[in-house]
Amino acid sequence: MAKNITAESNGERQKTRLSSTTILFMFLVVMVASFAVLSKDFYSVYNLSSMLTNISFSGIVAGTLTLVMIMGGLDISIGGNIALTSCLVAYLYNLENPPHIALIILIGLLLGTAIGAFNGFIITRLDLNPIITTLGTMAMTRGMGYVLTQSRSILILENVVGFIGRGSIAKIPFPLILFGVIYTILAVVMARSKFGRKIYCIGSNQEAARLSGINVRRVKFITYLVSGIAASLSGLILTGQTAVGMPQHANGSELDVITAVLMGGTSLAGGKGSVLGTLAGVLILGVLYNGFTMIGFRYVHIRVFQGAILILVVSLYEVRDRKRF
Amino acid sequence: MDNRLLEMVDITKRFPGVLALERVNFDLKKGEVHGLLGENGAGKSTLIKILAGDYSKDEGEIIINGENVEFYSPSDSQSRGISVIYQELNTLDTLSVAENIFVGNLPKKKGLRTVDAKTVLGRMLVDINPRRIVGDLTVHEKQIVEIAKAIYKDAKILVMDEPTAALGEKDTVSLFNIIRSLKLQDVGVIYISHRLKEVFEITDRVTVLRDGRLIGTEVTAETSRGRLITMMVGRELKDMYPKRDVPFGKTLIEVHNLTIRGIIEDINFDVREGEIVGLFGLLGSGRQNIVRALYGIDEKDNGTIKIKGSPVFIDTPAQALLHNIGFMPIDRKLEGLALTMSVFSNITMAHIDELGSGYFIDKNLEMEQSQKWVNDVNIKTPSLETDVNSLSGGNQQKIVLAKLLETGSNIFIMNEPTRGIDVGAKVDIYQMMENLCEKGAGIIMISSELPEVLAMSDRIITISQGKITGEFTRKEATQEKLLQAATV
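Residue numbers (numbering that gives the first Met the number 0), protein chains in the order written: chain W, 0 to 324; chain P, 0 to 487.
Bear in mind the hints are in silico, worked out from the structure with no lab data behind them. If a hint is listed, it holds; no wrong ones were tucked in.
From the structure, some residues in chain W lie toward chain P, with a derived Cβ separation under 10 Å: (1) Lys197; (2) Cys200; (3) Gly202; (4) Ser203; (5) Glu206; (6) Ser211.
All C-beta atoms in this analysis are idealised placements derived from N, C-alpha and C, irrespective of residue type, glycine included.
Isolated chain P (complex conformation) (with noise of 0.2 Å):
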């Protein structure tokens, strides 16, 4: 008997406009983990949303457990045993761990919830008191009451989209044991996921998408990391990180004894003219508290800045702006875009008050000025009206970029700034960013991903408990050096 859960076959799905997904096959095993990779708007997410019931398919068959099945809704294809758990998690935050997982199917009886969430817990050999309050639980911790909730539900199919992205290396590896827990007992797991280290860690299978069509599906033992990348992208990309040797000019910004009583203190750094200055630290480091600092999002007790030389007053972002630095947000969404405003508006968002003289916009510089940026940073939209709510990840996360250039400026504090995009748009920033140093701007550049900071940056500091705790430069730097240094 054929041990298959799940069979996609075909599946077509069109947007007015846009073939998202041309007959694309996929399937997965009992106890297995099945890889979903490809770069933003390769169809992963459409490929999902179709199973989760989300959106209905055009053509093509879903087959469960041999029948074949029609999602009309959500519910419809969460009674067939199907769960996913997305990146922004769902959880109710006032109510009880146990309150979380059965609900929707509350037992009648109070005195029950609490041992039976202890059963469904220890059936993913986690301990939690059901008790607690979910707003109080970290990301993991509320990651596991989602999918205990799907147990609860018997879910035979898990897709797990990006659920490390916001995880620890330690949560990580939980994670890990909890996905190894649920194979055992014949759940199927669909993992999306950028990071292609985890992806040879955990899954069995990877499936490939681009451009809404089946590259192919390899066994993950017998595959490599280039040859994925390879079928991602659709190229060899032989340069991951196109670091260029930029001559280092003059020191375009000072931070002096920059201190937020209790959170960071007495920081001192600078930043030259064509350099990128990566800032390394753990969740909870004070990286992002120095960079709000810096950029007057924040309030500091203490510190003195100084642009060319010059000690200069910046207490809101208006004020930063001013002395031409920039800033980027580390969550495009919450802090970064106006999702409901078009592509052009996004860009020129922080240089309104520029875009012509007087009280009015200029319309026709607008629309040249976002163009330009949207050809430069190679940005792919339909059109500059376009909603950025419509567009990938990738692709937001350029707008952002093409905000922070269209300011101007020349010093910028870049956070995080490939999170959660694919490989071709992580090379384009890289790019933009390499362009920039050439043209004698100074980055200041925050990342949790090692490789990138150990790849892109000329100068590291390391930032334990607000402290500055380590300084490398570029042929210094190890993995190992940087992690030390970050937890002393």
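Bound conformation, chain W alone (with noise of 0.2 Å):
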């Protein structure tokens, strides 16, 4: 018995979760292969790293938001997080004695841990439902970062914060490098640690998590945080790519990386979800934008695609699950 249970599963993702992430790999292997056959220019390796580089930065928080959700929380000011980081990095650089890079650097990071801190208190001690305190922590980190930067963007040609955007170790952009060994930390957790146990468990029950004897206040707390973290993470590598700090950055942003992770088979109840099915999510969306934009597609149509395949995503999850009965 023990040794059906996959890295990923953390026993909580039934044979039904096991298949249906498997099809959606599969899925993805043959959008992959489509593309690749209707354009020459997709699949290139030129083309495929800059696609998996651009999607790292909004693919490190869906990994961190599928945590949240599988919770049963939700996150919604990544975004604004995103933003807020960029133009606090970008305003830092600009003063006329700007501190070393590095302090620069680790300010943004502390950024997000205060935000993510904050709606971790005010979801776990004031009982506050977290879409409504999310909602108004990306409005505040939002407006702050138009407030701090005047509404302009903010030149930042900086050689760390470049290199995080867009350099490279052997050959391997290092955004992606970052978006793998955060991926390969998401799963293990989930999978392995008791930490990611009692993720599920309160997900699934959260009262019945509290009984058990699970600190549900701090583990709540903490996974709030680690999605702050992210986020300004993902602010950061958003800021090298672009060598701009603006408010407007990665605006939206949040409800794309809400579709990769419910695509991925999170539920947004809560208890029911795998980091490797919110990767594939990531990956699917990725390559859909890519792909469709080679073959000849504008941005506007492929945000239809992107609804639809939501919608039939989800809904054969929801048809998989009541065959059961």
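Starting from the two chains in their separate frames, assemble the complex, guided by the hints.
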């Protein structure tokens, strides 16, 4: 029996879930193959590597958001967090006497940590609904970005930040390395760790988790904290990729990130889902945008496809779940 | 002319890997109350869900008033005059009684609602103000609203699934009066209950299912309790309560002056090794508050808890577990189980931090432990990975018990340990309780079922209005004494 349990499962994925993720990856392969046939440029090392680099920034937050959503929560402040981080980093760099760049990056990450801690505090101590809480934080952070930059874009031509967004180690883009490392950690945490199991338990039945002696507040707080840190890291990557800090960065990205997580099979009600599923969701969205662009569709068309595919995939999950009865 | 309302003939239903119903026959006459009995997993729910149009049958026929019918959805079933009142009531709590009764077919003129609602309620000989908001009603009143809803839709066949599970004695009497008034109006009632006493009181005939098969249909007046039990469990249940003589050891836990202002006052008691102490009281007596405060769920204003003589500080469930106190919540679905998770993760849920050192779960240890409890507590599950959602109530309750045992506690608070489960599962749970006592554990048991309290407790403490009103040894206690003390 124990042998059937794959690294990703933590036992929470039933056989149906397992095959759902497999199907998603098969779907992905079909997509990649079709685009490769339809467009010569799609299946090139350059294109694939730039595509993967482009999805890294939203992919990282999708990974941590998976944890939040499995826990039955939600964090829609990630977009604002990304923007404010980019603004703050660029602003500090352009001061007359800028601090050392290492310190600037640290402050950027601390900002995300603080936003995550704020969300976590409000949600766990005041027991506020996570959607309302992070909706508030979303507006606050986005607004603070505009205030800080006086609604302008601030150029930041700096090597270290540039490296985070565009650099590479042994020809592998640095954001992609971050993406890979973070997903590996998250997948192992959710599949094997005690902390991951507690997240599943809280998402499945918070009251039962509490009566089982799980420190619900602590687990929730840490998860929102991690989501905040990941968002500021994404902010750094985006700042490096674009070389500007601006309050419009990642505008509306929270919805795309939620789309990826839901497509990956995580339930909005909590208790179910997997990091591997989200990885498939992120890759499918990335390939969708890149592939359709390559064969001549425009962004506005692809938005329509994205919406349709989300509804299609999630309704397939529903059908599967109901079939069990 | 045949007065049969409903005939279900040779109903067969397969689920992946399971034959849920095998050629089951069932019929219902006009004005009859027909009891449906069986252990959990016997197929009662499946049969009812087929009748309600929730499941489709694989084989067999449903005949209503002599006409062969096919149900493709619940609305097909409803349009044939079938209404099911589930244990979990489906009332719209923010609307009024009248609005609930007419939901789906509201009369056009506003004024008519209350008048019509009064008429419908009057047919059941009850008097509830139709303007009241349903959220403010008692469970029984909500149930009445649901029955009224069915009557208004002109239901001829009414299915009641464990209708008395959440009712007190008075409300049960009232419910039975309503059922009797419906009988007179030719409504047929299918009555599902685990409580044999009620089955004898209200039904005309009883059908027993076991393992998806029809065991038999009996005329209630001509059968006996023992016969029905034998039919249900397939063997003679010589001893429903396997109470053993366990010698008591040292005092395990002492509760001194436990007080929550306005709710419980100055509660003192202790539990010894090998002892089961029953806390008996009516709904709202404060028995829940005592154990919840004891386990650190609710805050207490005053009180000392001593374990093996030394005072301990318990402010959260985690601290209680640290002091080897395990807690079985009153409602397994709301507070006990993570329904979307597997059997093994539910069993180890209160013990995650002990599954291996460091940050990671020792998978082998976890599987070993879960398998051991599945065997020991006799949990019937296809595998350790199965969602607990898909198991029967009795097996779910056993998982809650296994979860408690996995914590390695030696003081157990058991809240309604056998609520809503079948006889076989009950006996399994009693056996485990006795095993625990033999190993020197102490158990605090809360139960609303008097026979269970009387049979399983070594000592019984009665609670009324937040105070202890009596203490009886096993020998002293009788039903009358307990009820008297609990209603002071």
